[in-house]
Amino acid sequence: GAGVSQSPSNKVTEKGKDVELRCDPISGHTALYWYRQSLGQGLEFLIYFQGNSAPDKSGLPSDRFSAERTGGSVSTLTIQRTQQEDSAVYLCASSLVQRETQYFGPGTRLLVL
Amino acid sequence: DQQVKQNSPSLSVQEGRISILNCDYTNSMFDYFLWYKKYPAEGPTFLISISSIKDKNEDGRFTVFLNKSAKHLSLHIVPSQPGDSAVYFCAASSGGYQKVTFGTGTKLQVIP
Numbered sequence: 001g002a003g004v005s006q007s008p009s010n011k012v013t014e015k016g017k018d019v020e021l022r023c024d025p026i027s028g029h030t031a032l033y034w035y036r037q038s039l040g041q042g043l044e045f046l047i048y049f050q051g052n053s054a055p056d057k058s059g060l061p062s063d064r065f066s067a068e069r070t071g072g073s074v075s076t077l078t079i080q081r082t083q084q085e086d087s088a089v090y091l092c093a094s095s096l097v098q099r100e101t102q103y104f105g106p107g108t109r110l111l112v113l
Numbered sequence: 001d002q003q004v005k006q007n008s009p010s011l012s013v014q015e016g017r018i019s020i021l022n023c024d025y026t027n028s029m030f031d032y033f034l035w036y037k038k039y040p041a042e043g044p045t046f047l048i049s050i051s052s053i054k055d056k057n058e059d060g061r062f063t064v065f066l067n068k069s070a071k072h073l074s075l076h077i078v079p080s081q082p083g084d085s086a087v088y089f090c091a092a093s094s095g096g097y098q099k100v101t102f103g104t105g106t107k108l109q110v111i112p
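So the sequence lines, in the order shown, correspond to chains A and B. Take the first sequence: its letters are residues 1 to 113, numbered as in the working numbering. Take the second sequence: its letters are residues 1 to 112, numbered as in the working numbering.
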């Protein structure tokens, strides 16, 4: 009965390094979402998965960002060659089916120095 | 282009009084609206939603009102309690399309 979990909870990295953020959705939830919240901003949609496929990648800010989902469960968001403007809280959410209520994880706080 | 706008970044209300949080949207295709509450260091949690076929939805102390002609919705909390102090996000989506667009949030402080 666990909720959405994300790891790591905090990540400090140097500019130019790659980072991987992980999301474990609620078991049985077919839809998975990634958002990011920069300081003083709202939640910015990044990508949505239905099963293992991503019908909507329109929110990914650049080609340095990619995401995958395997086994209809765990998802990883990868940011290559991180920049300081990538510093934000990255939130993952899942829902049972599309358009159902989304349940959010606690987020990963990324700081790029 | 901010399609969902919460123009008040913060709001202070006395305990026991009504809190009214406002949200405006620009996309007339939006037909499903949600409010989420977020405490510090936690992810947002779903609070209440409303479909565009309704103009009001109530759940305990929380009521959401939708005015489609004005492209405006509001969340009423009555009576307000100190535990309601959080950031409230308004969100919207359009039929069949999974992307949910969030506003920038309103920080509510309920003063005991």
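Hints in this document: simulated from the structure, not taken from any laboratory. Be careful, since some hints might not be right.
Straight-line Cα separation of at most 27 Å, DSS-like style, residue types lysine-lysine; simulated pairs [to be verified]:
# : chain 1 : residue 1 : chain 2 : residue 2
1 : B       : 56        : B       : 68
2 : B       : 54        : B       : 5
3 : A       : 57        : A       : 17
4 : B       : 54        : A       : 57
5 : B       : 68        : B       : 99
6 : A       : 11        : B       : 107
7 : B       : 56        : B       : 99
8 : B       : 54        : B       : 71
9 : B       : 5         : A       : 57
Review point. For which of the previously enumerated hints does the structure constitute a violation, in increasing order of number?
Key: Result: hint 4 breaks, nothing else.
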